[in-house]
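Required output: the full structure, derived from the provided sequences and hints.
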Amino acid sequence: MTYEKKGRYIVEFQDIPKARQHHIEIPVEERIGNNNEVELGFDEERALKEAKRCLSCRRCLGCALCWAECKPEAINFEMQDEYLDLEADTIIISPGVERPLNRVAPHLGLGKNQNVMTDLQMERMLSQTGPSGGLVLRPYDGEIPMSVAFVQGYASASPQMHKSALFLGINEAILVRRKLPNAQISFFAQDLAAFMEEQKDALKALDKIEVREAAVTALEPLESQSLQLTIGSNGSQETKSFDLVVILTQPQLAPDVKNLSKKLGLDMSYASFLAQEGSGLISTDKDTLKLTAIL
Amino acid sequence: MQYSTDIRIIRLMCTGRVDPTMLADAFLEGADGVVVVGCHFGDCHYISGNYQAKVKVGLATRALDYAGLNPERISFSQCSSAEGDRFVSIITGFDQKIKEMGPLGSADRLPLPKLTEKIAIAKTALGKEKLRWVVGKFTEFTTTGNKYGEKFTDHEMWRTLDTIVMDELATFEILSEMQKAPAAVKDLAARLELPPPHVLKYVLALQRRGIVSLAGIEGNSPLYQVAEKSAQQTAHAA
Amino acid sequence: MSGKRVIIFGGDPAGVAAALEQAEAGMQVTLVESFPGLGGECIPQTRIISGDDAFVDPNMEAVLRHPNIRVIDSAQVQKTVASNGNFQLKLKRRTPRVDREKCNDCKACIKVCPIHMYDDFNEGVGFRTAIDYFNPRTGYNIFKEDMPICQATCPANLDIRSYVGLIADGKYAESLAKIRERLPFALSIGRVCPHPCETACNRGYMDEPISICTLKRYVADYEMKEDIKAPVEVPDEFHKEKVAIIGAGPAGLTCGYFLAKAGYKSVCFEALPEPGGMFRYGIPEYRLPTPTLMREIDWICSHGIDLRCNTRIGKDISFEQIQKDFDAVFLGVGAHLGMKLQIKGEDMKGVVDGVDFLRDANMGKPVNAKGKVIVIGGGNVAMDAARVSWRAGFEEVHVLYRRTKKEMPASPWEIDAAEHEGVKFQYLVAPIEVVGENGQMKGLKCLRMELGEPDASGRRRPVPVEGSEFIVEAETLIPAIGQRPDLSFVPDGSGIDITRWNTFAVNHSNYMTNVPGVFSAGDVETGPDIAIKACAGGRKAADGIVRYLRSKRSK
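Chains as they are written, first to last, in the numbering used here: chain A, 1 to 295; chain B, 1 to 238; chain C, 1 to 555.
Keep in mind the hints are simulated off the structure, nothing from the lab.
Owing to the predicted nature of the structure, the values given are computational and were not obtained by experimental measurement.
Even glycine gets a Cβ: it sits at the ideal position worked out from N, Cα and C.
Treat the hints loosely; a few may be bogus.
Derived Cβ-Cβ restraints for the label pairs, each shown as a range [unchecked claim]:
hint, chain 1, residue 1, chain 2, residue 2, range
1, C, 205, A, 190, 27 to 35 Å
2, C, 346, A, 81, 48 to 56 Å
3, C, 302, A, 19, 35 to 43 Å
4, C, 205, B, 10, 27 to 35 Å
5, A, 129, B, 148, 25 to 33 Å
6, A, 210, C, 146, 43 to 51 Å
7, A, 81, B, 14, 40 to 48 Å
8, B, 40, C, 240, 17 to 25 Å
9, A, 190, B, 217, 33 to 41 Å
10, C, 318, B, 140, 53 to 61 Å
11, B, 117, C, 207, 42 to 50 Å
12, A, 80, B, 80, 47 to 55 Å
Examples of chain C residues toward chain B, derived with CB under 10 Å [said to hold, decoys possible]:
hint, residue
13, 112
14, 164
15, 165
16, 340
Pasting the structure below:
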């Protein structure tokens with residue numbers, strides 16, 4: 001919902017990696033029995049080295065090159081933020097979910113291995129208007145993967161949220177199958193039994209997709225940048241390698257919606273609406289406030 | 001007063017006339033080093049020509065350094081018309097330094113002819129609007145500020161130019177390689193000695209802007225080519 | 001029911017569908033989305049797809065064309081008021097800087113934009129440029145961040161990118177001037193700040209974050225070491241109005257500094273013998289030496305603050321008198337009352353509160369450093385108390401904390417330094433009773449804890465292990481489990497609103513309390529927090545006071 005995510009850099013400066021400078025401090029044995037200052041800060045050399053590490057994060061430069069190139073003269077740097085006053089008889093909140101990446105289990109190596117991606121990244125890749133033009137690619141080298149594993153990336157979540165994550169994952173697996181008819185596709189998640197039973201009919205559409213109640217306990221990168229997974233299920237363990245690993249992330253209510261509902265005096269603790277299907281509206285304890293279900 | 005006969009002097013009205021592409025050209029024409037000698041700061045007949053020159057020479061140095069040239073082969077010095085001795089010592093010192101380095105390709109990150117290929121690409125990037133526009137804004141941004149009234153420090157300006165240099169050089173390398181034949185990301189990365197994930201991101205960015213298009217899929221590798229319309233533009237520009 | 005006004009928050013497919021449905025039913029619909037552009041297609045998350053319905057694509061054309069629907073993107077809610085069954089909302093809409101009526105989607109701008117950025121629209125797959133579209137049908141934007149992440153994270157919003165850049169350029173005086181535009185305490189904050197900016201620093205993704213705090217200290221130290229006279233820039237003439245500042249701590253002095261810069265003199269009343277507040281009496285000497293602090297305070301006061309120490313409000317001068325004598329009053333008395341453990345035997349000799357302990361140590365009072373000392377708590381005050389005790393010469397220093405090291409709120413480097421100096425930590429321990437003889441404590445009865453299930457906030461609550469009672473012998477106990485403000489100086493009839501956390505309630509647009517002319521910021525307004533937050537509050541309150549005095553004069 002918020003677009004000001006932290007910028008992540010793609011070009012490698014020649015001075016990366018370069019450890020940060022540490023302040024000078026006095027040794028422990030000189031500290032007892034007195035109150036002398038412990039940290040002494042930087043000397044000039046360290047200060048200059050440290051200041052030069054600053055990346056001056058990428059941002060709009062305000063250089064107006066776009067303005068110079070814009071034929072219809074649509075760009076206007078003088079435009080200001082607007083403040084609007086609105087009135088309403090009814091408010092409808094469409095809560096949506098967010099999937100925080102810091103909840104992903106660290107042993108799955110998201111961020112460390114290029115070929116480990118999230119379900120949201122896969123969703124964008126599957127989109128015809130997405131960044132890859134609808135191709136499913138390995139982020140490491142742009143090759144088409146021959147084996148894809150979907151792996152649950154969190155320990156436990158509320159039943160509705162878990163179900164929502166499974167739906168997204170299974171749907172993505174089905175779409176990947178449509179794009180890659182010959183790839184090997186596996187799906188490893190926990191607490192699957194009830195879900196599988198409930199969706200029995202719909203799951204017939206799964207075309208040679210291996211869906212297994214299992215936990216991935218380790219992930220090792222191979223030299224080919226493929227990933228070797230240690231999969232535990234029913235007390236047994238096996239290892240298997242995949243070209244691409246997609247992590248199912250844990251959905252949760254977006255915090256800005258939580259804040260908004262608090263401002264409006266609505267208790268968002270009941271999350272049962274998330275499981276409801278269709279686009280119907282859900283009433284709340286206030287007549288003038290309504291919620292939409294997730295599609 | 002005497003100085004080395006290995007020096008070829010090219011006279012300009014003002015160092016402000018030095019274009020970053022000229023430095024690339026010098027190396028492509030066989031020079032082993034370039035020294036730009038201008039007036040002292042504050043002495044410029046055209047007010048700020050030597051400040052502009054310092055920035056432009058700095059940019060060219062960074063771009064060529066990134067292309068594999070030893071940055072020591074470029075130098076910016078200042079000397080007034082009354083300081084003949086100083087001029088001689090600048091020239092002699094620089095000449096000495098270049099002689100120690102040896103000819104182009106010997107003390108550089110890349111050997112010949114690979115180095116000249118990359119310098120040619122750096123020249124293309126230095127001639128394009130992005131770098132020229134931003135480097136032209138250097139003095140304005142550090143003194144009066146940008147469109148939003150934000151003032152930049154020199155450090156920020158150089159960091160920004162560094163990022164653009166890296167993006168532009170990688171982009172033009174990829175495009176020039178693709179112009180030869182449609183190519184897969186991993187082959188491009190191997191040929192250009194760039195990390196494959198970076199090449200992929202640049203290719204996807206080019207595809208999104210309509211400069212590159214998908215040519216087909218060979219085995220597991222999508223092949224990309226320069227889109228027809230922009231191929232004409234590129235050819236025209238070159 | 002028709003013609004009613006409906007506001008829908010959230011431009012995801014569910015919100016878009018609801019908007020269409022409501023509009024068809026004849027409602028006046030406003031669709032509000034915080035993202036710059038309405039959501040595009042997405043994969044269903046409540047059913048398994050079949051056939052061609054792979055992506056749910058909201059009918060964007062219909063929404064954009066529908067006469068009853070108004071779309072507002074890039075919008076944040078600023079204020080909501082609910083009354084008589086309807087709502088009044090104030091929204092802020094970030095400008096796109098692109099006239100969407102004129103834009104013809106030719107992509108020329110994104111072709112020339114020199115800046116490649118992290119593509120947050122596509123989860124980081126590929127790039128986007130500084131001018132770009134999320135969804136071409138809902139328009140282009142120039143994505144101009146208000147501040148870089150470091151500046152946005154800093155409570156005082158210091159222009160970090162500029163002052164670090166100026167250090168890199170070797171322009172130390174200019175760098176310090178840049179800091180002082182928003183913060184007078186460069187020497188002190190450069191020493192004590194827990195620097196949330198560094199935690200946020202983007203370079204942390206690559207290797208390690210920039211050492212922002214120590215760089216700030218460097219330029220301030222440079223001025224001090226080179227004995228450069230710090231510039232005092234105030235208007236030639238001061239206005240005739242005077243402001244009373246109660247409490248010479250980070251908030252009060254910062255407020256006085258910015259008031260002086262705006263041309264208002266102030267008188268600062270301080271109950272303790274020396275100025276500085278928590279800087280002087282809360283932060284141990286080894287982290288912030290008094291001479292350094294005093295140099296900074298002298299400089300700040302030279303701008304036009306008349307400092308009166310040893311003057312306690314309610315005792316030496318009444319609050320009513322101050323309200324009568326001054327045109328505005330700023331309350332920045334901090335939070336100096338330690339929280340009680342609420343256990344038996346807490347009033348025994350040998351039990352001394354963390355804040356009191358640090359104050360006495362900072363005043364140079366001798367510490368009865370005999371035997372073993374127990375510090376209870378996991379915050380930075382606990383770490384300070386433990387490290388001061390260690391210096392004072394206690395045989396053993398033990399810190400007891402009821403969760404584990406991972407949950408400790410103290411800065412990790414402070415914990416490391418304490419461990420490094422030989423302070424012993426006991427985790428998952430909670431005190432239940434102070435035991436002793438003849439009113440002198442001899443030990444502390446404790447319980448072992450274990451971590452239970454995560455609660456709603458995701459924190460795992462400690463639960464006691466039955467029958468795990470044990471006694472730690474010690475003559476001194478320092479509880480450091482939190483502070484709250486001492487508001488006893490406020491007379492009963494003052495009418496100032498006080499929150500249930502025993503802090504002053506203020507209006508955050510001008511930091512004025514409900515009593516006109518009385519302002520407040522710092523720990524007494526926020527509750528115990530970091531020093532730079534108090535400084536930030538002091539500056540904003542100064543702005544509020546200046547606006548208040550100007551409007552009063554013009555009446």
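* To do: Check each numbered hint from earlier against the structure, then list the numbers of those it violates in ascending order.
  => 4, 8, 11 and 16
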